[in-house]
Amino acid sequence: MSTGLIIIGCIILIAIVVVQIGKVTELAAKIRGEEAVQYANNRRAGILFLIFGIVFLVGCFWSMWHYAPYMLGYGPHEAASEHGGSLDSLFNQTMWCTYPVFVLTHIALFWFAYKYQGKKGKTASFISHDNKLEVIWTAIPAVVMCFLVVQGLVAWNDVMADVNPDDDITEIEVIGQQFLWHLRYPGPDGKLGARDFKKIVPGQNPLGQDWMDENNLDDFHPSDIVLPVGKPVRVRITAMDVLHSFFLPHFRVKMDAVPGMPTYFVFTPTKTTEEYRQMLKKYPEYQVPSDPSDPKSPPLWKTFEYELACAELCGKGHFSMKKLVKIVSEDEYKAWLAEQNSYYMGNVRGKDYDPHKGELLGMEIKQRRQEFDSAIKKALAAEVPAEKVIRFNYVTFQTGSAKLTPLSHYELDNLVSVMKAKPNMTIEVAGHTDNTGNTDSNQTLSQARAQAVYDYLLAHGIAADRMTSKGYGETKPVASNDTAEGRQNNRRTEFQILTQ
Amino acid sequence: MANVTTIANDQDEKLIQELGFDDHFHEHEHADKYKSNFIMKYIFSMDHKIIARQFLITGMFWALIGASMSIIFRLQLGFPEENMSWIKPLLGKWIEINPDTGIGTLAPEFYYALVTMHGTIIVFFVLTAGLSGTFSNLLIPLQLGARDMASPFLNMLSYWFFFLSSVIMFYSLFLSTGPFAGGWVAYPPLSALPQASDGSGTGMTLWLLSLVFFVVSVALGGVNYVTTVLNLRTKGMNMWRMPLTVWAFFITAIIALLSFPVLVSGFLLLMADRSLETSFYLSEIFIGGQALDHVGGSPILFQHLFWFLGHPEVYIIILPAMGLTSEVLSVHCRKPIFGYKAMVYSMLAIGFLSFLVWAHHMFMSGLNPFISNFFVVFTLIIAVPSAIKVFNWISTMYKANIRFNAPSMFAIGFVSMFISGGLTGIFLGNSAIDIQMHDTYFVVAHFHIVMGVAAFFGMFAGIYHWFPKMFGRFMNDTIGKIHFWGTMIGAYCIFWPMHYLGMAGVPRRYYRFDNFDTFSQFADMNMFITIAAIITFGFQLLFVINFFHSIWKGKKVTSKNPWGANTIEWTTPIKAGHGNWPGKLPTVQRWAYDYGKDGREFISQVEPLKEGESDQGH
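Protein sequence lines correspond, in order, to chains A and B. For the first sequence, the numbering used here begins at 1 and goes up steadily by one. For the second sequence, the numbering used here begins at 1 and goes up steadily by one.
A couple of the hints might just be wrong.
To give an idea of the interface, some chain A residues facing chain B are shown, with a C-beta separation under 7 Å as derived from the structure [said to hold, decoys possible]: (1) L90; (2) Q117; (3) V258; (4) F319; (5) K322.
Derived from the structure by calculation, the hints contain no laboratory data. It should be emphasised that the depicted structure is a prediction, and the values quoted were computed from it without experimental measurement. Just so you know, even glycine gets a beta-carbon here, dropped at the ideal spot from N, CA and C.
In isolation and in its complexed conformation, chain A is listed as follows (with noise of 0.2 Å):
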């Protein structure tokens, strides 16, 4: 509180200071007569112009020395686009174009006001217009600024064009919420799914997609937008709730996302985050350390990152809006792909809110048909017996009887058109159970689980001679019956190649 008071303080007297100072030179002025103190005034003034004019200008040009490393395409703030490289050029032809008019002008502005004070016994020249002048000022305007206008709207016209249905290129989508970016990539059938604002769940179905289209069943939302080095991709922007704007200024990238209307910005990386990272090591401004405070941290261009920022008010926490990109070989972006996994099957799938519960999607049933064959040829390849026993991972009964859930058909169904496949093959199907309950009933259980499958396939049109079925009961557990897992590993259905 008491600096507050010494600062207010301070003004106070700087106020009163000042204006004593231009008391005095009120009363100097009439002393000395007004023309005088004019004259010597005018000669004063002129002076700091000319003094103020050199320092501007020379302070111009050293900023622009001192800040190099910001301006675009000078130093370390290189493009990382494809088209970045024309905006840096487009813009540094503007700075060419309109530099020498802000020096020129600033020098003869300072330089008249300098060359031109008022003196004594001195009078002003009467020149009213000069049109030759005029004419030639307004022509050399008028064909830089034509100039200018050719080469921005050729690159402009380059930069917005959207892609043509049939280019190889890759369409992410993304969706400005308050205050968070979300992320939506295709997916392997490479097809963004259909999304309605009225769909959205917030923790079931964040974006709002239509489960009923099959497009969107592989989509995946990651947490960083990764992208392959040097293939065009295709950014669907859009908003949810106010506007955002997505803004990559490595990229030179920049387009609002409109709720109600998505818009779009195709756009190509030229450098992987790595590659961009060894192009700033060379600048000295990025060998200091990432943390200022600890200066054992990773210098500052080992942590760089491309980052999206939001670029158009959205609410009070606009200036967070944050998402790492990272541009990768293609090979990298491949195997980042193979890890990510679809949110349907993620967090949606076979929850209570999921549209498809207690159906199988046909990408599921093509899923476990490549399973069984896989495990199918495993077995048929295998030498020992017991290598050649297959399970059922997706035949389950009802509980505590042997009638089939209505989805095992499925599995039965791959068995079935393997056996047909094979006519030499022959199987034994067993039933097994954990040792909870009465070791009895379990083997009746077992047994008449195993029969419910042999009933199923002989009613396919597999014949009575090519399989058997047997129950185990509890004898002849796989794992543990100590744990939950364990049990739950020893309850199963499985079937065992005899011949092939």
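Mind docking chain B on chain A? Use the hints.
Here is chain B on its own, set in the frame of chain A:
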């Protein structure tokens, strides 16, 4: 050359007696046909000179508030870690004190409220009402030889609507949810949905209400300015003899009349969206955990309506400053303004083109990229008339005999600012460069220099120059010069570094920068800018002290025409009553810029042409 003309005072009076136009004004009692009492004279005055002063002082009040706000948010940007609890007595709950450390920080909501209010206040209340309102009112009748505005009553209403609008906006600062915080451009959906921001509730309602009244004020003023210029010019004052100030105010008023109503229509639709469940601007919105019913609207529509005013608005701000600069520069250079007709034509061209460039604010809004082509062309064409004006101002100084004082120095400063800020517009107007620069500090630097600082310089030049006409006293010129140098150097120190921030991609309207490695490298620069802003603000306080001190204690004006100027406001008595000229109205014999002609320092507009003297085509 001195601040007191050496020409005998009574010469103009004789000429007016001899050649003036008798409208029988003197037959009214006490030369005051309006029969004013104190309240009617100083408060609900219909005298354009009093209304001008009302606009000026209200504008200064707002300028102080707007500038103080910028200091507070600059403190946040320059010293984000600093303890701000000392300002809690003023800002209350907007300073959040961390209970563990006792460190007070500015609440982000309030930071955005400050940024929003700073923009709204400076753009509308200071640089539109305070600048154009003040000088259009003061100078149009005085320089044209009119007794008053065409409708003094509407003119009075114009001020009081502005006052009402001010009261509402001021009140909104004290709301518990804070004033509107969605940026001065008020883009929906942020401005339409109270769920999106605290300030978008009552704060936004009052913001809209205030600005609607403001537009009423502008419209009433504008109608008056245009009518007065067209109908109330004194005898001999043809359009080509009008000073450039009046031309500027005239063109400004036309632009304002054509563009402000579009803003109101935009606002009305926004109000409907806010309270009548319509969907002009809203579509497919999920906010606050629920999907709204609005479908089919487009937020882009608001941007079109807003910028259809918004862009002309920057010319509404800068044209009066240009006019004031032209006049002040010519008077103190003791030399005619160079290329008078080119100046008028370029202002007309700027005024016309200002309606064809609005979408250059929307290049990155999702507008069809094809449309942008046209706006790029028109935007860059504006550089041509602007360049002509700059070259003409500089040429005005060529072979001049410049009298340096606060007004002329601010006029020269204006030219420098207009060049510096104007040239960066050529970068931003090119849509391809705008991809990177849009909504970065490069934009902040550009518009603050070209329409913020430059307009203030024009305004300061005008205030220092016409202060003797307004108050019959001079402002202290030494303090004025200190004010000039402090502001000139300070303003460049504040805004020049921002260009580099912008080139590095730092977005504007960020509460702090340390979330992003890319933007967090500029702590020193931000600190420097903040210190420069505080010092520059201090120099403005000096101006305020000088202003009010001089009203009562300034050096008295002893002659009617202290600057030796040609325009006819200087033929009125030092303290002119309502009606301006006590007797006959002056008739105008020549244009306003016969400085240094035939070896004479200046030749008043009321002086007839000598035999064989060229009228320069005016």
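Evaluation of the provided hints:
Annotation: interface hint on L90/A holds; nearest CB of chain B at approximately 5 Å, less than 7 Å. For Q117/A, the shortest C-beta to C-beta distance to chain B is roughly 5 Å, which falls under 7 Å, so the interface hint holds. The interface hint given for V258/A holds, since its Cβ lies 5 Å from the closest Cβ of chain B, which is under the 7 Å cut-off. Taken as an interface hint, F319/A checks out: its beta carbon lies about 4 Å from the nearest beta carbon of chain B, inside 7 Å.
About 5 Å separates the beta-carbon of K322/A from the nearest beta-carbon of chain B, less than 7 Å, and the hint is met.
Of the hints listed earlier, there is not a single one the structure fails to meet.
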